[in-house]
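Q: Starting from the known structure of chain A, fit chain B onto it as the hints suggest.
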Amino acid sequence: MATALTPTPARTGGGRAKSALLTGALLLPASIWYLFLLVLPMGFVVAFSFGEKARNGGYTPAFTLDNYGQVMKGADPFLESLKLATAGTFLTLLVALPLAYFLATRAGSRKGLFVLLLVIPFWTSFLIRTYSWLIVLGRGNLGGFIGGLLGDPNFRLLGTPGAILLGLVYGYLPLMIFPLYVTLERMDRSLIEASKDLGAGRWATFRQITLPIALPGLVTGSILVFIPMMGEYVIPQILGYGRTFLIGNALVLDFLEARNWPLGSAKAVVLIATMLITISVYVWFVNRGRQARGVGVLGARPP
Amino acid sequence: MSASGVARPRAGRGRALIAAERMNGFIDGLFRTQAALVYAFLYLPIVVVVVFAFNANRLATIWTGFTTDWFGIALNDAVVTKSLGNSAIIAFTNAILATTFGTMAALGLQRVGKRTRQGYDVLTYISIIVPEIVIALATLVFFASTFDVVNPVLAGLTGGGKGAFKLGFGQFTIIAAHVLFNTSLVLLLVRARLSGMDRTLVEASQDLFATPWRTFRQITFPQLLPAIVAGFLLSFTFSFDDYVITSFVTGPGSTTLPIYIFGQVKRGVSPETNAVATMVLAFTVGMLLIGQAVLAWQGRRSGSRNGSMANIVTER
Numbered sequence: 171m172a173t174a175l176t177p178t179p180a181r182t183g184g185g186r187a188k189s190a191l192l193t194g195a196l197l198l199p200a201s202i203w204y205l206f207l208l209v210l211p212m213g214f215v216v217a218f219s220f221g222e223k224a225r226n227g228g229y230t231p232a233f234t235l236d237n238y239g240q241v242m243k244g245a246d247p248f249l250e251s252l253k254l255a256t257a258g259t260f261l262t263l264l265v266a267l268p269l270a271y272f273l274a275t276r277a278g279s280r281k282g283l284f285v286l287l288l289v290i291p292f293w294t295s296f297l298i299r300t301y302s303w304l305i306v307l308g309r310g311n312l313g314g315f316i317g318g319l320l321g322d323p324n325f326r327l328l329g330t331p332g333a334i335l336l337g338l339v340y341g342y343l344p345l346m347i348f349p350l351y352v353t354l355e356r357m358d359r360s361l362i363e364a365s366k367d368l369g370a371g372r373w374a375t376f377r378q379i380t381l382p383i384a385l386p387g388l389v390t391g392s393i394l395v396f397i398p399m400m401g402e403y404v405i406p407q408i409l410g411y412g413r414t415f416l417i418g419n420a421l422v423l424d425f426l427e428a429r430n431w432p433l434g435s436a437k438a439v440v441l442i443a444t445m446l447i448t449i450s451v452y453v454w455f456v457n458r459g460r461q462a463r464g465v466g467v468l469g470a471r472p473p
Numbered sequence: 009m010s011a012s013g014v015a016r017p018r019a020g021r022g023r024a025l026i027a028a029e030r031m032n033g034f035i036d037g038l039f040r041t042q043a044a045l046v047y048a049f050l051y052l053p054i055v056v057v058v059v060f061a062f063n064a065n066r067l068a069t070i071w072t073g074f075t076t077d078w079f080g081i082a083l084n085d086a087v088v089t090k091s092l093g094n095s096a097i098i099a100f101t102n103a104i105l106a107t108t109f110g111t112m113a114a115l116g117l118q119r120v121g122k123r124t125r126q127g128y129d130v131l132t133y134i135s136i137i138v139p140e141i142v143i144a145l146a147t148l149v150f151f152a153s154t155f156d157v158v159n160p161v162l163a164g165l166t167g168g169g170k171g172a173f174k175l176g177f178g179q180f181t182i183i184a185a186h187v188l189f190n191t192s193l194v195l196l197l198v199r200a201r202l203s204g205m206d207r208t209l210v211e212a213s214q215d216l217f218a219t220p221w222r223t224f225r226q227i228t229f230p231q232l233l234p235a236i237v238a239g240f241l242l243s244f245t246f247s248f249d250d251y252v253i254t255s256f257v258t259g260p261g262s263t264t265l266p267i268y269i270f271g272q273v274k275r276g277v278s279p280e281t282n283a284v285a286t287m288v289l290a291f292t293v294g295m296l297l298i299g300q301a302v303l304a305w306q307g308r309r310s311g312s313r314n315g316s317m318a319n320i321v322t323e324r
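For the protein sequence lines, the chains are A and B, in the order given. The first sequence maps to residues 171 to 473 in this note's numbering. The second sequence maps to residues 9 to 324 in this note's numbering.
For the record, the hints were derived by calculation from the structure and aren't laboratory data. Be aware that one or more of the hints could be misleading.
[As the list claims (entries may be wrong)] A short, non-exhaustive set of chain B residues, derived as facing chain A with CB atoms under 8 Å: (1) Val138; (2) Ile141; (3) Leu175; (4) Phe177; (5) Ala285; (6) Met287.
[Stated by the list, open to error] Rough simulated footprint, nothing fancy, chain A against chain B, three-plus residues with beta-carbon under 8 Å: (7) 39-46; (8) 113-121.
By construction, the Cβ of each residue, glycine as well, lies at the ideal position given by its N, Cα and C atoms.
If we strip away everything but chain A, and leave its shape as in the complex, we get (with noise of 0.2 Å):
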C-alpha cells in the first residue's frame, strides 16, 4: 500500500505490478457481464443455429445447414420488418432534419429550453408512450374521425401497419434530433453566407452546404433509429395487434411457442446479418456521394 501512495509508482518494479492490478481490477466487472451476458450467449446463438431441434424442444448438437435454408425459404418476415424500418427511418428523417435545423440556427435564446423539451420525451416511458396512441388513434377518437371522414364505419388504424409505421417514427424521432441538431449546431455559419454572396440560392446553399455538413449526424442518427426499428417488439404487438408478421414476432415464436431453438438461432443471426449489411452498404453510398458532391462544390466554384 505505502507504494501505491507514493508519487509516479509507475517508476518502480512493484508499483507497475500494482499498477497493472488496478488496471485489471477496473477491468473485472465489466469483463465478467461482457463474457457471461454477451459472448457466450450470442455464442450459443452461433453455435445453435448449426444444431437440430430437439425432440422435445431445444437444441440437440449437430451440424447442418438446414436452419439457414428454412430461413431463406421463409423470408417473409425479415423483408417485413426491412420494409418498414427503412420507410420509418426515412420519415424520421424527413420529420427531424427541419426541426433540428430550427434549433441549430434560428431557435435564437430559447434554444435549451426547446432541446431540454425534446430530452423529456426521450426520457420518460416509452412503453407508456406507446400505448397511449392505443387512446389517441382508438374508434373514439381520431380512428372513428378518420373513418366517419371516409364514410367508412369499419375503418381501422389500429392493427394495421400504419399504425406501427407511427409508433415507430414517433418512438424514435428524438433519436434522430439529437446528432442532427449537434453537427448542424457546429456548423460554421459564414460559410452560408459565402454561399449566398456567391449567388447560390436557397435550394443550392441547402444541397451544396448544410446538406454535406449535416452528413455525419444524418448518418449517426438513421443508424441509431434503424438499428431498433428493425427489431423492435413491443410496438409491433401494441399499436399492430401482433397482426404483422415481422422478423421480432417471428423469433419470439420459435424460441418460445415452437422451441425450434436451432431456427431461431439461424434466423437471429441473419437478422444481425441483414443490419450489418445494411449499415454498411449506406454508409458506403452516403460516403461516395459525398466525396462526388465535394469534387462539385469544388469544381463550382469559381477560378
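A: For chain B alone, coordinates are given in the frame of chain A:
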C-alpha cells in the same frame, strides 16, 4: 451567375431585397410551424395519458367526466404495488452496478494498450447495436441451458429434496441482463467525458505530489461527475422502463411495472393503467429535473459550462 440575375434591371434591386426579406420571413414561419407541430406530436400521447387518468369513464378511450379515484384504486392494487416495488429494486440495483462497472471500465481502458481497447470497443458496440429481442432470447436460452446443467449438480451437492438450492429465473436474471446494456452505456458516456477532460489539471496535481487516489478524488472524479450522474439516471430509467429483456428472463413472482402495463394494455387501456402511467411519468420527469438541477449546481461550483443533462445526452 444565372441569366435572370444578370438580366434583372438595377432599379429592381430594392424591390428584390424586400421580396427576399418577405421570403425569409415566410420560410422562418414555415420552420416555426413545423417545430410547433413536431412538439405537439411528441407531447400529445403524454398529455393524453395524463388527461385520461382523470377520466370517470371505465372505458379509458372515451371521456365522460373528471375524477381522481383511479389513483387511489391503483395504489390499493396489490399487483401494482408489488410490480412497482420489483421495478424499483431492479432498476436501482442495476443502476448502481452499471454505473460502478461502467465508470471502472472507462478508467481502466485509459490504462491499457490499443489492442485491448479496441476489443472492448467492439464488445461495447455489439452490446448496444444487437437488437434487444435477440439479446433477450440469447440470454434466455443461455441461462436455461446453464441452469439445466448446473441445477442437477447443485441438487447433488445440497442433497436434493425440497430445500435444495436451485438457480432459476427471477430478479437476479433480470438485473444481470439489464446491467450488460447499461454498463456499455455508462462506459461510453464516461469515456466521452474522459477524452474531453483537461489533462493539465491531473498533471499539475501530480506535480504537486498528490497521491493517485487524491488526484482521482479531487480532480478526475469531479470532472467525470456529470457523466456519472447522467449514466446513473439513464441506467435507472432504461431498466425501470424495459419490457423486452425483462419479459423473457423474468421468473414467477418478479413481475415488473412494464410487464404489468403491457399485460393490461393488451386487454384494452383502462383508466387505472393511465393512473399508474401518470405516476411513472411524474416520477421520471421529476428525476430528470433533479438530475438537471444537480448538474447545474455542480457546473456552477466547478465553473464548467457543460453541466446540463441535455448537453450530456446530445454530446457525442
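Q: Can you name, in rising order, the numbers of the hints this structure does not satisfy?
A: 3, 4 and 6
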